[in-house]
Structure formats: structure tokens, C-alpha cells
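Trainee: Residues per chain, in single letters:
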Amino acid sequence: MSTDEKIEPPSINDAKATAAIQGMSIVARTQGQLVRRRFFRHRAAMISLTILILVILLAYTSIGFAGIPGWWIWDYYTPGLVVNRGAPTLSVWPEFLGGNGFHIGLHPFGQDDLGRDYFALTMRGAQISIMIAFVVGIVSTVIGVIVGALAGYYRGWVESALMRFTDVMITIPLLVIAAVLGQKFGGSGPLVLAIVIGLVLWTGLARLVRGEFLSLREKEFVEAARALGAKPNRIIFRHILPNTVGVITVSATLAVASAILLETALSYLGFGVRPPDTSLGLLVSNYQNAFATRPWLFWWPGLFIITIALTVNFIGDGLRDAFDPRQNRVRA
Amino acid sequence: MASFIVRRLFISFFVLLGATFIVYILVSSAGDPRTALLESNDPGKANKIAALTRNLSLDMPVIPRYLNWLKGALGCFIGNCDLGNTSTGAVVTSQLSSAIGATLRLVVFAAVIAIVLGVTVGMITALRQYSGLDYTVTFLSFLFFSLPVFWIAVLMKQFLAIRFNDWLKSPTIPPWATVLIAALVGLSAMALVGGARSRRLAAFAGGALVTVVILVYLNLTQWFAEPGIGVVPMIVMSAVTAVGATALLAGFRGRIVLYATLVTAAVGVICYFALDSVLANPTNLIIFGLLVVALLVSAGIGAAMGGLYRSQAIKACMLTGFGCGALIFTANLLDAVPAYSAEVNGVVIATIGASTPNFQGNYWETWLDTLGHLILPTMAIVLISFAQYTRYTRSSMLEVMNADYIRTARAKGLTERTVVVRHGFRNALIPITTVMAIDFGGLIGGAIITETVFGWSGMGKFFNDALKIPDPNAVMGFFLVTGAAIVVFNMLADITYGFLDPRIRLT
Amino acid sequence: MTVPQTTPPDDVPGGSLYGPAREDGDIFPAVQPSQGAELFKPHLSSVGDVEVLRVEDLTVGFPTEDGLVRAVRGVSYTLHEREVLGIVGESGSGKSVSSMAVMGLLPKSARITGTISFRGQNILSMSQKQQRSLRGRKIAMIFQDPMTAMNPVYSIGDQLAEAVLSHEVMPKKAAMARAEEMLGLVGIPQPKARLRSYPHEFSGGMRQRAMIAMAVINNPDVIIADEPTTALDVTVQAQILEKLIEVKDAFNAAIVLITHDLGVVAGMAHRTLVMYAGRPVELGNTDDVFYRPRMPYTAGLLGSIPSGGDTGRLRPITGAPPSLINLPEGCPFSPRCPLATDICRTVEPQLSSTDAPEHTAACHHWDTLSAAEDPTAFFRTESEARR
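Protein chains in written order, with the numbering used here: chain A, 108 to 439; chain B, -5 to 501; chain C, 125 to 511.
None of these hints come from the bench; they were simulated from the model.
The beta carbon of each residue, even a glycine, is placed where N, CA and C say it ideally should be.
Be a bit skeptical, because a hint or two may be false.
[As the list claims (entries may be wrong)] Below 20 Å or equal to it, Euclidean Cα-Cα: the simulated PhoX-like pairs (lysine-lysine) are:
no.	chain 1	residue 1	chain 2	residue 2
1	C	Lys232	C	Lys253
2	A	Lys291	B	Lys462
3	C	Lys296	B	Lys309
4	B	Lys42	B	Lys462
[Said to hold, decoys possible] Chain B is faced by these chain C residues, among others (derived, beta-carbon under 10 Å):
no.	residue
5	Gln252
6	Arg256
7	Gly260
8	Gln268
9	Pro276
10	Pro295
11	Lys296
12	Pro323
13	Glu325
14	Met338
[Stated by the list, open to error] These stretches of chain B come out as covered by chain C in the derived footprint (C-beta under 8 Å, 3 or more residues):
no.	region
15	390 to 403
16	417 to 423
17	489 to 499
Whole structure, please, built from the sequences with the hints as guidance.
Mentor: What follows is the structure, given as C-alpha cells:
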């Protein structure tokens, strides 16, 4: 009964043996793998992800981007002859049901006042809007995480100062400050606009991250790390932050979704993207009064806005379920 | 509690101060209000530019200008508000007050509807988790949440206003519409009822049948051309209100509550006829007075007849009284529709503005005018807000229904209705009221896009127009009101939370 | 009321966790298998004649995405007036689920078969309304964690009064008076003032007392206590259990005591039911089960309790409980059982009589255990042999 003898810990092998008898096997999985599995099971999110990727690919490859040419015959700035009042040449209704059969035609989305191909215009608008949405998402996430982490970890006057600052930013309604910034910077191009909007969208995430840090820093593993002499940097980045990845990812995704709605709203009001650039919101704003006579000018950009926002929202929901599975689905 | 409020106000004052500074700097640097004049060909522009410069102190550097503005703003605490002038020379404070009035009318109405609808639907989907209804509502919420307001507004203007007004000229319901609506109502009834398959199919059949009967009746009598609530429908709907109020608040175990609410409904029906002359052309004051009387009388009936269930009877009777009053109000409104339609040339649902200019009509027609103008922008706001409330209520309710104390409540032998309403709903409501308060605070800023699209002369349009110039004093005035509202409502949210949850005692 | 010592004195050879047996009969007398002594429980009154609860062949299954979880597979027991039945088992053994079935608190998706008779009437065939009239009135339940089991936004008085008013119509004042009476009965000081307190203002022990009050306020015939002391400090545990016995005698009720703590059962229960993998594996008088276990699982549990004189390593039962979706053929305990033979791995043993009257066990080799002087030695040898 000497205590110096090394004894193999019984648990994992016995568990495996017991499981084997039942015809099952124990497989170790990392948390990342678990999350990914759960995400792939979420049908709505997977479908949305596919659609979103297709839309992004379509937008960027069809008319090309940053000098790289695309596969679409028209570009978005060359005016042309307006054919048939610019009506769309796309038809999908099959002939045997009374339609014109399926063909795309020269201008599937129609043409605008100046004869420019509307598909190309919509794609260009989509490119800008998507780019802005993602840049805003990244910028706001980075700022939000840093502010929240510092406030949540260091407490004391650092927290007070950062949180008061966050409160000040929250007091200003989002659309208001975005509009003001847009008014000032909108003329400097979409990228600058995106960064500037990102500078105001981080407050929600900062609060969330701070809350997570507040609860996590009291956990035993942080105490243990500190007792082992870990520097605050290490504790924040290697111990606490990985545990907040779920909250951050979900928030970032939702930020992208609200960013695209925000940007299109700003462009619609005139405080966002300015001509000669175009964005989906600007397109809607330009042609809203044409709805009665040339509805296609109005439908296509709107549908793209909805599709992008909807798919990103579903992906965010899927991520939320994947990171925090408290579901107990029962086949009734 | 008092010390909490004082401390919060103190901190909020400085937070707001900091925010005003940031916004002022940004607005001032966003552009020059004199740009339009500079670029115009007006021969007298030199004078106008000089006047504008003097008016807005544009020759001063930014920070002293801000301090100047601040001095005027701080005067608000002593009742002497001076927020400067707009670039057109109008006084900001008076412009703001009319804008606030318009916005409040829109926003309060929309918020109430969004909350009532959103919370109800959220609760129902939480109780019927993973059902077909749940998935449909979830998908729809996501869809509404992803809609750009400005885009859907245009659609609404076309289909819900212009086409609807045209349809009203000869309102017949085509058969396909009847079938579709009946199917939808049947499906909703089926989803709401829950339980065994046979029960749900019966609900579907019942709902669809009732809908078909109603729609055919409406069609045959050309109801939409000359709407109103007749005697029989009034009696039926009052009775239904009574039964509904009882089911919701008291359950049917003690019959006496049901009797009390039915008596209240009967009194309501009698009033419908008795008060005809009073209601011919009343004023808001009379209506308000009638409401108070109605509530008191219903409470009285409940108290008199309640017996052992007195408190529940009073509540149920008051709800019934309110419902019947609403029915009478609606009946009178509907009666006035033909006259109103004639006055506005058939534009019953309006797309621009808050009211028809130069409108003359009696009380009910004026109400119809207001409602006709309100309905579209309200729907736009509700569409997006509702999705948020539904999701939020659903997750809050789900969390609560999985809690241990719900299991204890069931173990005590309480009916499912009591468990859901008294234990589940009450607890789920706590975080929701916080959201409501914060949301409402934000709405005061005006639904900027909605107001712009629908030409509503409220805060949003004021801000939009001001920022285009950009007009620093106007924008600052707007921000002051909005920011103060956000701050106040955030504080209210925390106070409400402390009030509703006994575990939180605000210090 | 004396609180039993928890550190065993050094001079008692092979002393047990709760100290030597005391002559005034405290709640947790020593469990010393080798001496074959009788557990002295004079505070437990005699069992009545009337049978109040009879569970026959109860099975509960939950359909899930991964398959049917067979949580309870054939539980049967009877309960008489003033009797205390202890149900012992690990997490996942089905002990809580079977009691939730008795209360009718399982989700609608659960598949339940068998009969649960309360005073002769089958609960499972009753309508929802009839079941509800029994719940909280004739059959009451006490849950594990009193902090989360009570609604935080209503006062204790409100929640107690609600329990009364849901079954009887009376003025609110009368219900509150009854609530006050119950709070006094369970030993909460100043009950009238405490009626207005909220759950978070109580201590853990007082909260559990309030839960007991809530359970017995309608004079039930059966009280099901699901791990009533697990969430409490050891010193408070004894008080709560004592109060439970008092209350049971005051109302002539029977108690089903579910726990994983053998010490609690030893001091409180007339009879003990041991569950494993959703099945009852041993049922008998507490003395019989503790001193003369006839099922290796029970022996293993008893053997794993550390004694004061031991100096070696702890002796857990090796292995882990099986998954309830994919149960192995034969006896579910066979992978971990030192006595397992081929028949154990192919044929699942049923509860059958052993050498003592009314002592049943589900084991093919119960006779091996009865032949041994110290049945727990099998497990000790086993784990020692592994070194």
C-alpha cells in the first residue's frame, strides 16, 4: 500500500472499456471542433452562409474589382442607348406556363436613365456596401474588444474612464453621429467612411466584453495564472480572451449586419457614400420615385440589401447557437 | 432610491456635457452653413453672408463658440433656454417644440403597438417552441429585422396606400383573397391552440370557417364602402371581449368572474346606444372623462359581484370595460369614414405629412385624418421594432420557463395558465421593461428615416434638414433633446428594474 | 438537538465517518458492517398499515435526436403511511425521473408505461385536471436547490398562500394565516414577519424549511424529497432531515427520500431502494441492504465510503455508468463488476428474492455475496489487485 508506486489513473481507460462494451467509442474533440459541428448542423445558418458567399462572389467577380476585370460584358459607368425604356431583359417564367421562357438577355436588370447596365450598377453598389459593412465590422470589433477587455480586467480608474467614455458615445444616437461623421467624411471615399462608422459602432460590444471579463476574471483559472506569475498581458490574451470568443464572434457578425443597414440608410439620406461612387442605399434613394413606372430600378438594390442583411443575421444566430448550446430538442 | 437618482443625474449631466462637446466639434467641422450662399448667384449674397456670420457667430473660433452655446443651453435649467438660431434665422427652441410634438405622436403610438404585439407574439412562440408557428415567426422576425426602412416604406406607399385607396372605391374581396385569409387565420388558430392533433384541426376548421363567414358578410354588405359596427356584431364582440378578459386574467374556475365581465359587457352595449348624442361630436376631454367613468364603473361591477375572487374580478372587469369602450370608439370612427373619404377625395390612407392641410371636419373625421396619416409610418416603425421585441421576449420567456421555480409552481398543482402568467410572464417581463425603456428613449430621436420618407415634420426631419446645411445650432438643439431623453430613459430603465426585481435594491 | 461529530475519534478501531454509535440514538449512528449491528432509529415511528403509493413496473423514455433515452426501466415499490423509503443511486440512475413521473411533472414528450396507484387509483390514467388536484395537495415534492426553486419576485407568504389557494377557495387572509402556521411548524422564527420576506433574504437552511412548509401546507399523504439536503451545509443537513421526520409524523405522511448520500438514508429510511442505470437493483429493509448487501453495486458503494481508520487510497468502483441510449446486453453493471460471469453479460437479472424476507436483489450471484462475511471486500480486493 505504498504511496510511491505509480498507479495508472483508472478513469479514461475504464470509461473506454465500458463504452466499448456498448458498441460506442469515446472521441476527444476540441472546443473549436464542437462549435463547428454544431454550426454545420444549423440548417438556416448553413444555407445563409452559402447564399452570402455566392452573393459576394457574384458582386466582386462579375464586374471586376480594383483593376482586375470581371466576366460581365458591361461596366457600371459607361452610358449607352436606352432600349425599351430600360426594362429588364431577364425572364424566368417558362413558356409552357405562358411566359417567355428562360433567358437572360442583354440587360437582365434593366438600364438606368443614362442607359448604364443596371446589373453592373447594382453589383458595384453591392461591392461598396459589402466592403463597408465588413470594414465597419472589423474596426468596431477591434475597438470594442480592446476597450471592453481593458475596462473589464483592470477595473479601477481605467474602467471608470473607459466606461464613462463609452456612456458618452452611447448617449449620442447611432444614426445621428454616423450622419454627422458621414457628412464630414462621406466625400472622402467609402473606405474612410467605413473606418469612421466603425469608430462609433463599438459601444455595444465594449459593454458585452467588459461584462464577460468582469465575470471571468474572478474564476479560479485566472487566480491560478496570477499565482504562477503570469503578466496581465498574458492573462488577458491567453486565458480570458479565448473564453470570450463566442460572444465576440456573434457580436461581430451582428455588427456587420447592422452596418450594412446603417450604411445604406446613411447613403439614402445623403450622408453616406456620395456620387460618383455608388452604394445600394444610394441607388434606392435615386430611384425611389420611379417605383410606379420603372420598378426594377428600385427592386434590385433593395433585394440585395435584404439578402445580405438577412443571411448575415442568420449566420449570427447560428453562431450564437453553436457557441452556447442550451437546446434540448426533443422529437415530440 | 433618492440618492441613486441624484447620483445618476449628476453623472449623466457630465456625460451629456462631454457628448455635446464632441457633437459640436464634429458638426462645426462637418461643413460651413454659408456654403450654399457662397456658391449661389444671389447679388445680395454678401450681405446675407455677413448676417449669417453674425447670427451664428461664425467668426469666433470653435471652442468659444461652443462655450457660448453651452451658456445658452445651461439656461434651460433656470427656464431661460437659449439654443441660438437656425441658419434661416428661426429660433431653435420653438422649432424644436413643434417638432417634438409631431414626433411624439408618431413614436408613442408606434412603440405601444410594437411592444404589445411583439411581447404577445414572443410569449406565444416561447410557449410553442419548435412548432411550425415558432419557425415561421422566427423567420419573419429575421426578415423584418433585415429590411431597410426606406425601401419598405416605398413599397408600403404604393401598395398599402395608393392601391388600397383605389380599391376602396369599389371594395369587393376576390374569392382567392377570401380563401387565403381564411387559411392564414385557420393556421394561426391551429398554432395558438396546441395540444392534441384533433383539437388543433378543429381550431383550424373553426378559424377558417368563421373567417369565411365574416368575409362573405363583409363582401355582401359592401362593408368597406360604408363601414360601421352593427348591433349584433357589437353584442358578439363585447361578449368575446368579456370572455377573453376572463380567460386571460382569471381563468374559468370561478364562474363568478365570467358573470361579472359579461355584465360589464352588457353595460357597454347599452352605453353604445345611450351615449349616441354625447358622442356625436365630442372633445378629447369628454372622451377621456368617459374612459375614466368606464373604468370606474367596471371596477365597481367587479367589486360588487366578485365575491371571493374580488381582486381578479375587478381586474377582468376593468379590462372588459376598456375593451368595450374601445369598441364603441372604433364604431364611431368607422361611421365617419364615408364622410371623411368624401372630404379628402378618396385618399383615406395618406402617404405624406401628419395631417391633411386645411382640413375641416368633426371630431371623428379629424381622428380619422390623424390615423390615416399615422398608419403607414407607424407600420414602418412597428415592423422593425416588433421583430426585436419578439426575439427578445421569446428568449427571456424561454429562459424563465426553464427555471426551477416554474417546476415548483407546477408541483404545487397550479393550472398551466397560472404558471405561465403569474410566474413565467411576470419574471420574463423584468428584462423586457428595461429594453422597452431604453428603446423608447432612443425613439425620441425620431425615426429619422421614417420621418424623411413620409414627410413627417418631426425631430427626424428637423435633424435631416439641419445636417444637410450643416446648421450647428439646430443639430445641437436636436441632440440636446435626444441625448437628454436617452439619459433619462436609461435611468428609468434601471429604476424600473430595481422596482420589479426585489433582489436588486438600488443604492 | 445534538449535531453528530464528523471527525472520527482516534481510539475507535475501524471507526466510521460519523463516529461511534451513541446510546441516546442520534441521527447518524455508526455504520459498521463487520459487526452486523442493527441501526438504531428510535425516532422513526412505526409504519402504518394503509398503502398510500404503489408503483408497478414504471418505465420512462425520452425521445431525443440521438435516440430513445430509457431513463427508467421497470421500477416497482410500495409505500405505506408514515414510512420513509430511501432511493439511492448515482446521477443518471433514474431516481429523480421516476419521482417526477409520480408527480406528473415530466414533459409531454416523455413515454411512460406502468401504473402508479395513489390509494388504489392509477394516476397515469387520470385526466390532467385530476392529476393537478393531487399535485401539491396529496402528493407534494421538495426540490434540491431552494434558492432557484422559489420564485424570486414573490414573497414567501405569497408563494405559500398560493399553494393553499390553488386547491381550496378561501379568503387570502386565511391562507396567509395557514402559511404563518406552517412557517412556525418548520421552525422559522418570527413567522408573521417572515411572510413578507423574499427568498433571497433567507439563509439556505431557512429556505429549505420554507420549501418543506410549502410542501406540507395542504396535509399531503406522500412527500417526495429530491436531494433535499445536497445544497446545504453538513451542519444544516441534520436539522432539515430531523424537521422532515417531525413533519411527516405530524401529518401521518410517507416520505420518498431521494439522495446519493448513503449516510442520510442510513439514518432516515425504513426501507432502501438502490437504482442503477434506470433499474432498481436492490430493495429491502435499510438494515438488510446496508449490512447484508446482495448486489455487487450496493456492496461497491458501501465499500467506497472511507472509514476513519483507513490509511490507504480511496476505493471507488472502477469504470463509469453506461449510456442510457445504448445499454449493453445483460446486466448494465457487468462491465464494472468483479463477480461478473458470462451469464451476467448476456441475461439481465431481474429483482428476485434473496435469503432475507422482503429483500430483493437483481443479481445472478447474490448467493456469493451472502456467503461472504464482508461483501464489500470484493471491491477492496479488486482495486488492491490492480496495483
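Trainee: Hint by hint, note whether the structure agrees.
Mentor: Against the structure, the hints come out as follows:
In summary, the hint linking Lys232 (chain C) to Lys253 (chain C) is supported, as the alpha carbons are separated by about 15 Å, within the 20 Å threshold. Between Lys291 (chain A) and Lys462 (chain B), the direct Cα distance comes to roughly 10 Å. Compliance with the 20 Å bound is thereby established for this hinted pair. At most 20 Å may separate the alpha-carbon atoms for a hinted pair to count; Lys296 (chain C) and Lys309 (chain B) meet this at roughly 17 Å. For the given pair, Lys42 (chain B) sits about 19 Å from Lys462 (chain B) by alpha-carbon distance, which is consistent with the 20 Å threshold.
The criterion of a C-beta within 10 Å of any C-beta in chain B is met by Gln252 (chain C), whose closest approach is roughly 8 Å, and the hint holds. This hint holds: Arg256 (chain C) has a C-beta 5 Å from the nearest C-beta of chain B, less than the 10 Å allowed. For Gly260 (chain C), the interface hint holds, the least distance from its beta-carbon to any beta-carbon of chain B being 3 Å, beneath 10 Å. For Gln268 (chain C), the interface hint holds, since its Cβ comes within 10 Å of a Cβ in chain B; the closest pair sits about 9 Å apart.
Restraint check, Pro276 (chain C) versus chain B: the minimum CB separation of about 6 Å is within 10 Å; hint holds. Because the closest C-beta pair between Pro295 (chain C) and chain B is about 7 Å apart, less than 10 Å, the hint holds. Contact between Lys296 (chain C) and chain B, as hinted, is supported at the beta carbon level, the nearest pair being about 8 Å apart and thus within 10 Å. With 10 Å as the threshold, the beta carbon of Pro323 (chain C) comes within range of chain B, its nearest partner Cβ sitting at about 9 Å, so the hint holds.
Interface restraint check: Glu325 (chain C) against chain B, minimum CB-CB distance 9 Å, threshold 10 Å, status holds. About 7 Å separates the beta-carbon of Met338 (chain C) from the nearest beta-carbon of chain B, less than 10 Å, and the hint is met. As drawn, the region 390 to 403 of chain B meets chain C at 6 residues by the rule of a beta-carbon pair under 8 Å; at three or more, the given contact holds. Counting residues of the region 417 to 423 of chain B whose CB falls under 8 Å from any CB of chain C gives 3; the rule of at least 3 is met.
With 4 residues having a beta carbon nearer than 8 Å to a beta carbon of chain C, the region 489 to 499 of chain B meets the requirement of three or more and the stated coverage holds.
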